[in-house]
Structure formats: C-alpha cells, structure tokens
Amino acid sequence: MMNFPGSGILKGMVVTARNMIGSYFDRAHAKRLITEQYPEERPTLPEASRSFPFLVFDGQDPEAGMRCVACKICEKECPPQCIFIEQDRDANGKLLRRPKIFDIDISVCMGCQICVESCPFESIRMDNIYEMSSCDRFGSLVIHKGQLLKSNEYYRSINPTEAAETDARIEAARIKKAAAAKVAAEKVAAARAAAAAKAAAEQAAQPPSEPEQPAP
Amino acid sequence: MNFLENLPLATKKFILDLVEWVCGWFCSKLGIQLPGWVMPALLTLVSILIVIVALIAVFMVMFALMSVFERKILARMQNRYGPNRVGFFRWRLCGLFQPVADGIKMLTKEDIVPRGADKIVHFLAPIVMVAPALILPVILPYGRGMVPIELSSGILFFFALGAGTELAVFMAGWSSNNKYSVMGAMRAIAQMISYELPLVMSAVVVALVAGTLSPNGIVEAQGGLSFGFLPNWFVFTPWGFVACLLFYIGALAESNRSPFDLPEGESELVAGHLTEYSGFKYAIFFMAEYVGMFAINGLLVTLFLGGYQAPFAFLDFIPSWCWFFGKLAFLAFTMVWVRATMPRFRIDQMMQFAWKLMLPMSFAALISAATWYYTGRGLLGWALSILIVGVPYLILGYFCFTRRHTADNRRYLFSE
Amino acid sequence: MHDLIQRLTSLPWDQAPQWLFLIPALFMLLGAAGAVMLRNLIHCALCLTLSFIALGVLFIALGAEFVGFVQLLVYVGAVTMLILFAILLTPAGEVAASNNPFRSFQLSRALSAVGGAMIALLVLGTLLASIFFSPHARAAVTPVTAATAPAAAIGENLLNHTLLPLQGTAVLLTAALIGAALLAKEEKQS
Amino acid sequence: MSFQPHTFSFNESDGAGASTLDVSLGPQHPSTHGVFRMNVRMDGETIVKLQPVFGYLHRNHEKLAESHSWLGTMPYTDRLDYICPITNNWAYAVAVEKLAGIEVPERAEYIRVIVGELTRLQNHTAFLGFILGDMGAWGSALMYAFREREKILDLFEWLTGARMMVNYMRFGGVRCDLPVGWLEKARAYVETYPAFLDEMEQLLTGNEILLARLQGVGVLSGERAINGGLSGPVLRASGIDYDIRKVDGYGVYPRLNFRIPRGTKGDCFDRFMLRILEARESIKILRQAFAQIPEGPTLNPAVKQRGFKPPVGEAYGRIEGPKGELGFHLISEGGEKPYRIHIRPPSLINLTLLEEMCLGTKLADVMVILGSIDIVLGEVDR
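Protein chains in written order, with my numbering: chain W, 10 to 225; chain F, 83 to 498; chain V, 3 to 192; chain L, 22 to 403.
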C-alpha cells in the first residue's frame with residue numbers, strides 16, 4: 010500500500026517508537042523490559058540452575074553426616090580437573106572412608122555437573138549461588154571442604170524436586186539395605202537356629218549328658 | 083505571562099544596571115571623573131560577557147542533559163532502562179547525574195598522545211573543533227528580541243564558521259598517525275563537503291522567499307497564518323517541507339550522526355578520527371559535536387519551524403524562548419529516534435545520496451519556492467510547487483535508488 | 003592609585019579598535035611565513051589556513067561582513083580542503099625522485115632564491131602600483147560598513163552589472179570540473 | 022618456522038602499487054565477532070586483497086578430547102559455538118551414537134528436535150541483531166534480538182540448568198526429562214515468536230538503507246559455494262538445496278513436515294532473508310514436535326555414560342547446525358578416551374570464501390559480508 014521511496018525507513022521508525030512507548034507500559038517485565046535491576050531485583054532461579062558444586066551432609070554435624078567417602082571418582086571424571094581430594098587417615102595411619110581435603114577450584118570449574126552425575130553416593134550436588142566474586146585471585150577462589158559442605162536441608166531448599174528424588178533414592182537404598190541386612194540377619198539366625206535344632210536333635214538322639222544347654 | 087517572556091532580557095538589563103550603579107558608586111567614592119566613553123564601553127563589554135556566559139552555560143547544560151537523555155531514550159527504544167544509577171548520594175534521580183560522573187571520569191583519564199603523532203596538531207584539533215561550535219549559536223534568535231549578535235548575513239556566518247569543523251576533523255585524523263584516523267578524516271571531509279551543498283542550497287531557498295539572510299528577519303517572515311489555519315512556517319509549504327527535510331538530513335550528516343556516522347563508524351573504523359583521542363580531548367570533541375548539533379538544529383528551527391513563534395496566536399502565553407527550545411528539543415529527539423532505527427550508509431551510497439538525490443532535490447525546491455512565491459502563495463502556487471518537488475522526488479527515488487532494490491521481487495524457493 | 007586610574011583612563015582608548023587590526027594582521031603574516039618556511043607540507047597548508055582565517059577576520063573587522071564570511075566559507079571550507087586533499091593524494095616519494103635540471107645543489111639554490119625574490123618584488127610592485135594608481139586611493143577613505151555593502155547590494159551588482167562575466171566564470175568552472183572528472187575517469191580505466 | 026602474528030603482512034611485491042593502504046582489521050576490532058583478524062589491502066576504500074588470519078581463540082578442543090573421557094568431552098562441545106551449544110552437543114552425541122550403534126528413545130529424539138530448533142531460532146535471531154550491528158545500526162535490532170534470545174535462554178536454564186553451557190545431550194538420549202510445565206511454557210513462547218519476526222521484518226526488511234547495504238553485496242555463486250565446501254544458510258542462499266535434516270534425515274526430522282528455503286542471488290540480502298525464513302520454518306517444526314512428543318524414557322538405560330567405551334572403529338556424525346553442517350569425526354580404539362576427534366565447524370569452512378566475496382567491495386561491506394556468514398570464533402579456532 011504505502012510504498013514510496015523512504016517508506017521502509019518510516020515503518021522502521023514506527024517500530025522503534027512503538028517499542029519506546031511500550032517499554033513504559035511494560036510493568037511485569039514480561040514482554041519488553043526484561044532487564045533485571047540486579048542488586049534490588051534478584052532473579053528467581055529455576056530449580057535446575059547450576060553454578061558450582063557443593064557437598065551434601067545429612068543431619069546437623071557436617072563432618073559426621075558427610076556423605077562423601079573420598080572415592081575420588083569425581084576427581085577422576087572432572088573434565089577440567091578442578092577437584093582435589095585427599096583421603097583421611099586415623100591415628101594409626103589407616104585410610105578412612107572420608108576426605109581429609111576436598112578442594113574445588115572454582116576459577117577452573119566449568120559447572121558441567123559431570124561430578125554430580127558420576128557420584129555414586131549422592132554426595133556432590135550443584136549449587137546455584139552466583140555471587141562468588143572476590144578480590145583474591147588465588148586464595149578465595151579455591152573452595153575448601155568447610156565451605157563446600159552444605160546441609161541436605163539447603164539442598165532441599167534450592168532444588169526440591171531433585172532433592173526429593175535423591176532422598177527417596179537414599180531412603181530406598183537404606184530400606185533395601187536394612188531389608189537386606191534383616192534378611193541376612195534372619196538367614197544367620199535361621200542357620201543358627203537350624204544348627205541349634207540339629208544339635209538338639211543330635212543331643213536328643215544321644216543320651217542327655219548335659220541337659221541344661223542354653224538356647225542360642 | 084509577560085514576566086516569563088521578558089525574564090532573560092530583564093535579567094540582562096538588571097545586571098547591566100547593577101554594574102553601572104556599582105561603577106558610579108565607586109567613582110563617586112574615589113572622586114574620579116571618568117571620560118564619557120568609558121561607561122558605554124564597559125557596559126558593552128559586560129553585556130557581551132553576559133551573552134557569552136549565558137550561551138555557554140545554556141549549551142553546556144543542554145549538552146549534559148542531551149548526553150543523558152539520548153542514552154535513556156535510545157535505551158527505551160531498545161527496551162532497556164538506560165543510565166539510572168548515578169545520583170546524589172542516596173537519591174538516584176533516574177540517573178540524571180550521569181553527565182557529572184562522565185565528566186569526572188573523562189577529566190581524570192589519562193590523556194594519551196601516540197608516539198608517532200604530530201603533537202601540536204593533535205593538541206590543536208580539539209580546540210579548532212570546539213571554538214566554531216561555541217561561536218555558532220550566537221546568531222540564532224532565541225526569543226523575541228533575543229539575538230545575541232544581530233548579523234545581517236547571519237546565515238552565511240553560520241556556514242562560514244561551520245567550515246572550521248572540517249578542518250578540525252582533518253587535523254585530528256591526520257595528526258593521530260593512525261590509518262583508521264586518516265580514513266575517518268577523509269570520509270568526514272568528503273561527507274561534510276558533499277552535504278554542505280544541499281544544506282546551503284536549502285537555506286538559500288528560505289533566503290529567497292524571506293528576502294533576507296538575517297535569522298531574525300527570516301523568523302519574522304514566518305509569522306501569521308496562511309489559509310486561516312496553517313501557521314506561516316516554511317515547513318508547512320511544499321517547497322519548505324522538502325527543503326526542511328533536506329536540511330535535516332544535511333544536519334544529520336554535518337553533525338556526524340547516524341545514519342551518517344561514517345567518519346566514526348565504529349564497526350568499520352573503530353572510532354575514525356577520534357581513535358587516538360582519550361580523556362578530556364575526546365570529551366571536547368564529543369561536546370563540540372553536540373553543541374554543533376544543537377546549533378544546526380537551532381538554525382533549522384529558525385529557517386523552517388518558525389523560530390520562536392508559537393504556531394497559533396492563542397498559544398502566545400508560552401514564552402517565545404520556550405517555543406524555540408521546545409522545537410529544538412523535539413528535533414534532538416528525532417535525531418535520537420533516527421539513530422535508534424537506521425543502519426549506516428556505505429561511503430559510496432552516502433555520496434550518491436548527496437549528489438544524486440539531495441542536490442537535485444534542493445534545486446527542485448529552489449524552483450518550487452520561486453514558483454510558489456511568484457504565483458502569489460495561493461492554491462495555484464501550492465499545486466505547482468507540489469508538482470515541481472514531487473515529480474523529481476518520485477523519479478529520482480524510484481529510478482535511481484529503489485528500483486534496483488525493491489523492484490526485482492526477490493523470490494525464495496522452498497523445497498519440501 | 004588615583005593618579006594611575008586617571009592616567010589610564012585619559013589614554014586614547016577610543017582609538018583602540020583601529021589598532022586591533024594588528025592582531026589578525028600579525029596572525030596573517032605568521033601564517034604566511036609558516037606556509038612558506040615549514041618543512042611539513044600539511045603544516046604549511048594549515049599555516050596557510052591560518053592566514054586565510056586572519057584575512058577573513060580582517061575583512062569582518064573592516065566592516066565587510068559579507069566578503070569576510072565568503073572568504074571563510076570558500077577559502078577555509080573549500081580551498082584548504084582542496085589543498086589538503088591534493089597533498090594527501092600525492093604520493094610522497096615522487097618529488098624527491100624528479101629529475102632536477104640543475105645538477106648542482108648550490109646553483110639551484112641560488113637560482114631559486116633569485117627567482118623567488120624577483121617574483122616577490124614583481125607581485126609587491128604590482129600591488130603597490132595598483133593601490134597608488136587606482137582612483138579609489140585618491141578618494142577619501144570611507145570605511146565600508148554593513149550599511150554601505152550589504153549582501154543585497156553585492157547580489158544586485160553581481161546579477162545586474164556583471165552578469166556576463168559571472169556567467170562566463172561559471173561556464174569556465176563547469177568546464178574545468180567536467181574536464182577534471184573526465185581526466186580522473188581516464189586514469190582509472192587505464 | 023615461527024609464526025609471528027604481529028609482523029605478519031602482505032608481500033610488498035604483490036600489491037597494486039603505492040596508492041594502496043594495508044590495514045589490519047583486528048584482532049581487536051569492534052566488528053570482527055571476536056578475536057579475528059583480516060589483513061586488508063585497500064585502494065581507496067575498495068578491497069583489493071584480503072587475508073583472514075585466525076587462531077587467536079585456539080583452545081585445543083580436538084587435542085583436549087584425547088585426554089578426556091567420552092563423556093568428559095561433552096561439556097567442551099558447548100564451548101565451540103557458544104551461541105548455540107545444544108546443537109554442538111547434539112552433533113557429538115549423534116557421532117558417538119553412530120560409532121557405538123546406540124538407539125535413542127523416541128521422546129529423547131523429540132526433545133532434541135525441540136531444543137535444537139529453539140537453538141536455531143535464537144541463533145538466527147541473534148544473527149539479525151549482529152548483522153545490523155555490523156551495519157552500524159545503534160543496537161536496536163540487536164537489543165530486540167537479545168530480548169527474545171533471553172527468553173529462549175530462560176527456557177534452556179529451566180531445562181538444563183545453564184543458559185549457555187548446557188551440557189545436555191547424552192549418548193542415547195538427553196540428560197534429564199522436561200520439567201513439569203516446560204512444554205506448555207515453551208509452546209506459549211513459540212506462539213509469540215511469529216509476531217516478533219514480523220516486527221523485525223517491519224523494522225528491517227523494508228529499510229532502504231539496509232536494502233542498499235545488503236543487496237548485491239558479497240555475491241557467491243552456487244557453484245563456488247559447493248566448491249568451497251560451504252554449508253548451511255550461506256550455501257542455501259546461493260540457491261543450493263542442501264540441508265542435512267533432509268539429506269540424512271537424522272532424529273525424527275523425517276516425520277516432521279517442513280520446507281527448506283533457498284535464495285536466488287546468493288548475496289548478503291539472501292543470506293539475511295534466509296535466516297528469517299528458516300526461523301519461520303523452525304516455528305513450524307516446533308509446533309509439530311510439541312504436538313507429537315510422546316511419553317517415555319529420555320535416556321537409553323543400556324548405555325553406561327561414565328566409563329563409556331565404544332567399540333573400535335571410526336564414525337562421522339553430522340547434523341544441520343544453525344550455521345551449517347556441524348560434524349564430528351571420531352576414532353575409537355575401544356578405550357575410555359577417544360583416540361582422535363576431528364570437528365568440522367561450519368563457521369570455519371564458510372569463512373574460507375571470505376576473500377572471494379569481499380574483493381572489489383568497500384571496506385564497510387567486508388563487515389557486512391563477515392556478519393552475513395555468521396561465524397563464531399570459538400568454533401572457527403576451536
């Protein structure tokens with residue numbers, strides 16, 4: 010319709026004008042003004058949002074509830090090799106199933122979450138904190154075990170869906186383990202009972218030389 | 083509202099009276115008998131100083147405001163917020179203090195002069211740039227009886243001083259000893275010389291009809307209404323509209339603004355002739371460009387938009403200088419708007435546009451204006467002048483520029 | 003204090019504007035000297051521009067507003083740019099490589115000094131002669147003011163009394179322009 | 022022979038004469054899309070010679086892969102073409118699946134198509150902004166493009182946890198299923214997209230300056246494009262009907278109904294328009310995929326991701342990335358680490374004909390042509 014020389018430029022100017030006026034009527038940050046005014050407005054991060062890994066512990070005491078067993082699978086799998094683990098030893102120098110040192114260099118970490126996927130103990134998970142800047146290039150960008158350990162409640166707060174799945178898995182594993190233990194215990198008990206019964210039968214077959222045999 | 087209307091002039095008069103009274107008081111105290119010529123000379127000097135200070139203050143404030151509003155408007159057009167942080171202590175004031183922060187930053191930055199640069203010319207270039215830019219606004223009539231310097235050939239003065247900008251740009255580009263700078267300078271000069279022609283030609287059109295080169299005379303020629311409803315501004319005539327558009331485009335090019343920002347085209351020439359400038363020298367270039375832009379927009383307001391005149395008599399209660407600055411602000415806004423919309427010309431296209439479209443169109447506007455003038459400004463004149471500018475426009479537009487691009491209907495094949 | 007003020011104010015200050023022309027004149031001479039003496043061609047051109055600007059200011063100071071503005075517009079805006087472009091577009095090495103007929107450096111220097119002096123004398127003589135023998139020189143000096151030389155009067159003169167020379171010049175310039183364009187085009191094709 | 026970039030220049034003997042000017046555009050230059058350098062010889066503003074110099078962003082991706090596990094290479098592919106990481110993931114996954122003969126569940130294929138086409142949308146949108154930036158528009162188109170891209174990145178973050186470095190594909194599927202409500206949100210968003218494209222077209226495609234800047238600039242014939250090995254929208258703009266989605270028919274593309282647009286002139290404007298047309302086709306694909314996506318597993322449970330060991334062999338897997346044919350050539354010795362990975366980056370190969378397109382154009386056109394190829398230096402230099 011309108012197609013004289015220069016009309017394309019006018020149409021373009023209509024678009025910019027519409028966007029300018031529209032930006033003043035865009036309250037919900039939905040359509041046009043998507044900028045977040047950062048320190049005042051914080052983004053609502055989706056559950057899956059990830060930045061750097063952290064270690065989950067159960068209960069109240071970080072050291073006691075630590076799920077990590079220092080198996081070093083994540084250290085091996087980490088593509089940029091940003092994890093450093095040293096296994097703890099007890100007083101006798103015997104290796105313990107927990108890390109003495111667990112460091113993550115977040116200046117190297119690329120947040121790929123392969124450590125999370127490879128951890129068989131549901132111990133390492135992705136955090137969503139993003140204010141990690143610091144004035145110290147070397148010291149404060151290596152995060153140590155103490156800072157890395159965060160409670161399961163925290164994990165539930167940042168990523169409830171996945172945390173629930175993890176908890177369910179652990180619970181299932183625990184139940185399974187308990188059941189297995191119970192079965193094993195019952196088996197042992199049954200075996201013993203059988204042995205006892207057999208012994209009793211044998212005893213019964215033999216003359217009762219020692220009648221007061223306590224039951225196992 | 084007479085008070086507001088007369089406020090600037092009354093202030094000036096008050097200061098002059100004050101100076102006269104203080105001098106007289108001192109002389110009588112000291113018992114000195116001054117020769118008769120001293121007091122008028124002193125008062126002339128003071129009145130010149132008042133004008134200089136007022137002009138510089140007004141244009142600096144406008145520059146500061148423009149630098150923040152341009153960014154904010156541009157941001158809004160691009161769906162951003164723009165600068166909204168810098169304020170006064172806890173109060174952010176929508177980022178209005180941004181220019182202050184920018185100024186402090188520019189002042190405290192290191193002034194780097196490249197080792198291979200021609201130091202003297204490199205130093206002189208910003209001065210040559212800013213001096214004409216600050217002198218340019220003196221001939222504009224800001225309000226009724228508010229012309230800082232009344233010149234009978236003020237329009238000519240404007241263009242004569244505007245020529246200094248080219249020199250400064252060349253000096254900046256050449257002295258920087260940088261290939262980008264030289265290319266930017268060459269582009270700038272080619273562009274400014276090419277666009278000066280249509281610019282001057284469209285001003286000539288107005289001078290022809292108004293019969294004067296004095297800005298005040300041109301504004302006065304635009305008073306009243308034609309046909310009883312249309313303000314007599316030149317932009318509301320066919321030839322005037324065309325000349326106004328040409329002047330506006332020329333103004334965009336002269337002030338190196340998008341889409342004619344080739345000299346500093348950052349995607350090609352990093353920053354053109356400004357590449358090697360830093361710190362306050364850069365700020366001075368920036369300032370000169372903005373003040374030059376205001377000045378040329380002010381000239382546009384004077385030539386085509388009726389200067390300080392209100393469009394209708396019943397709007398006269400708004401002071402005349404408010405009308406002038408309002409129109410100026412509107413033009414500045416449209417320049418930002420254009421900048422937000424358009425990509426940049428290529429150098430050969432820019433030259434083609436100037437020489438093959440704008441120059442013929444300005445001649446057409448000249449003929450059209452003459453026809454309009456000599457047929458007695460009636461309906462016949464209107465029809466004829468529309469014809470005289472419309473036909474060349476359509477011919478040039480379709481056959482020289484857009485035929486190649488839009489007439490070959492691009493086909494896009496689709497394969498399943 | 004009292005005396006000083008009295009003495010200062012009794013000086014012929016009202017004559018001062020007539021002496022102010024010395025400032026642009028000084029700049030003009032400095033610019034001209036620089037244009038001749040500097041080694042860098044661009045600096046020479048810039049000095050020449052300074053000279054042009056000073057000349058324009060002189061015109062304006064003498065009340066010839068229109069001529070002054072045109073001087074600025076044409077010389078600063080156009081002629082300087084032309085010179086600068088010409089300098090920039092000329093390859094730097096060619097002048098040095100040109101074949102000098104005067105092999106001896108000393109001789110060529112002496113010759114050029116004598117020739118230059120003769121040309122300067124000639125020009126100066128012509129100027130002085132034209133000033134002294136022109137009828138205007140004998141008439142009483144009336145300063146040109148805006149009232150006596152407005153743009154309108156100049157236009158009137160140009161388009162009424164000297165229309166033919168004006169048109170002739172215009173045709174000549176157009177021909178030169180077309181010729182230049184043709185030359186440039188030829189060069190590009192070859 | 023040592024390579025010294027700062028002294029690298031043209032041979033003086035091959036110039037056109039003393040009136041030319043050699044300029045090094047880059048590596049720090051506002052519009053080289055990263056650290057890219059072009060040694061340009063100009064006669065006035067006309068290009069008489071152009072030499073692309075790249076390698077400033079070389080990060081050893083191919084070599085790195087040799088010391089990482091098969092899975093550990095996946096996050097590095099995100100960083101090749103950082104504008105569209107998901108398709109990089111996809112190409113690598115396709116190659117590995119071909120190498121090891123892995124079946125992908127149907128739902129995973131649909132998810133791949135959905136995220137892949139969303140990636141194409143955001144890449145083409147960003148392209149519109151970038152090329153306008155190269156033309157010197159003061160960022161309006163770029164900001165509108167990034168506004169829309171932002172919304173797509175939000176969807177990605179919701180799905181994969183990261184906006185750009187997604188690390189989403191796995192061998193035999195995708196890492197995680199779509200979150201609850203994701204599909205609805207994505208569908209609603211895609212429905213707003215045609216309006217945005219219309220707005221962009223109103224802003225851009227009629228603009229006389231843009232037409233003058235793009236039309237007839239950087240013309241590339243179909244034959245040259247094929248000989249240069251070009252792919253993607255650049256190839257199709259030259260009129261060649263070649264799209265790996267149709268040619269290979271990988272994933273579930275054969276089940277989806279879409280068209281491949283082709284240009285006729287092969288200039289920058291065709292490349293520009295092709296992005297818009299392809300974005301419109303992507304919307305069609307997305308609508309169909311949203312309608313067809315089935316329930317089911319998203320990852321082949323038979324595949325062990327950690328300690329993945331494909332059989333000995335070679336495979337070349339490729340997909341149609343937003344920028345062209347993105348291929349991975351893998352050689353496996355049966356170990357936990359690849360023996361060799363070679364990446365065929367579309368950006369690099371499309372860049373090879375840059376000089377040919379640029380000769381005889383103006384300096385400003387070089388930027389536009391470079392922009393119209395749509396390169397990402399992360400992929401060019403790898």
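A few of these clues could be false.
Distance condition first, Cα-Cα at most 25 Å in a straight line; then the derived PhoX-like pairs of lysine-lysine [unchecked claim]:
| # | chain 1 | residue 1 | chain 2 | residue 2 |
| --- | --- | --- | --- | --- |
| 1 | W | Lys20 | W | Lys81 |
| 2 | W | Lys196 | W | Lys207 |
| 3 | W | Lys40 | W | Lys81 |
| 4 | W | Lys85 | L | Lys305 |
| 5 | F | Lys438 | L | Lys383 |
| 6 | L | Lys206 | L | Lys305 |
| 7 | W | Lys20 | F | Lys201 |
| 8 | L | Lys305 | W | Lys186 |
| 9 | L | Lys84 | L | Lys305 |
| 10 | F | Lys201 | V | Lys187 |
| 11 | W | Lys81 | W | Lys103 |
| 12 | L | Lys172 | W | Lys81 |
| 13 | W | Lys207 | W | Lys191 |
| 14 | W | Lys85 | L | Lys383 |
| 15 | L | Lys305 | W | Lys185 |
| 16 | L | Lys358 | W | Lys40 |
| 17 | W | Lys81 | L | Lys383 |
| 18 | L | Lys330 | W | Lys81 |
| 19 | V | Lys187 | L | Lys330 |
| 20 | L | Lys84 | L | Lys383 |
Computed footprint of chain F on chain W; a stretch qualifies when at least three of its residues, placed anywhere within it, have a C-beta under 8 Å from a C-beta of chain F [to be verified]:
| # | segment |
| --- | --- |
| 21 | 116 to 124 |
| 22 | 185 to 195 |
No wet-lab data here; the hints were simulated from the structure. By construction, the Cβ of each residue, glycine as well, lies at the ideal position given by its N, Cα and C atoms.
To see whether the hints hold, each was checked on the structure:
1. W:Lys20 <-> W:Lys81: violated (62 Å)
2. W:Lys196 <-> W:Lys207: holds (16 Å)
3. W:Lys40 <-> W:Lys81: Since the Cα atoms of Lys40 (chain W) and Lys81 (chain W) sit roughly 47 Å apart, the hinted pair is violated (cutoff 25 Å).
4. W:Lys85 <-> L:Lys305: violated (44 Å)
5. F:Lys438 <-> L:Lys383: holds (19 Å)
6. L:Lys206 <-> L:Lys305: Holds - the C-alpha atoms of Lys305 (chain L) and Lys206 (chain L) are around 17 Å apart, at most 25 Å.
7. W:Lys20 <-> F:Lys201: Outside the cut-off at roughly 47 Å; violated.
8. L:Lys305 <-> W:Lys186: violated (51 Å)
9. L:Lys84 <-> L:Lys305: Violated, at roughly 39 Å.
10. F:Lys201 <-> V:Lys187: violated (38 Å)
11. W:Lys81 <-> W:Lys103: This hinted pair holds, its Cα atoms lying about 17 Å apart.
12. L:Lys172 <-> W:Lys81: At roughly 38 Å apart (the allowed maximum being 25 Å), Lys81 (chain W) and Lys172 (chain L) break the hint.
13. W:Lys207 <-> W:Lys191: holds (23 Å)
14. W:Lys85 <-> L:Lys383: Judged against 25 Å, a Cα distance of about 53 Å means the pair is violated.
15. L:Lys305 <-> W:Lys185: violated (48 Å)
16. L:Lys358 <-> W:Lys40: Distance ~46 Å between Lys358 (chain L) and Lys40 (chain W) Cα, so the pair is violated.
17. W:Lys81 <-> L:Lys383: violated (59 Å)
18. L:Lys330 <-> W:Lys81: holds (20 Å)
19. V:Lys187 <-> L:Lys330: violated (70 Å)
20. L:Lys84 <-> L:Lys383: violated (39 Å)
21. 116 to 124: That given contact is violated, which follows from only 0 residues of the segment 116 to 124 of chain W lying within Cβ reach (below 8 Å) of chain F.
22. 185 to 195: Violated - the segment 185 to 195 of chain W has 0 residues with a Cβ nearer than 8 Å to chain F, which falls short of three.
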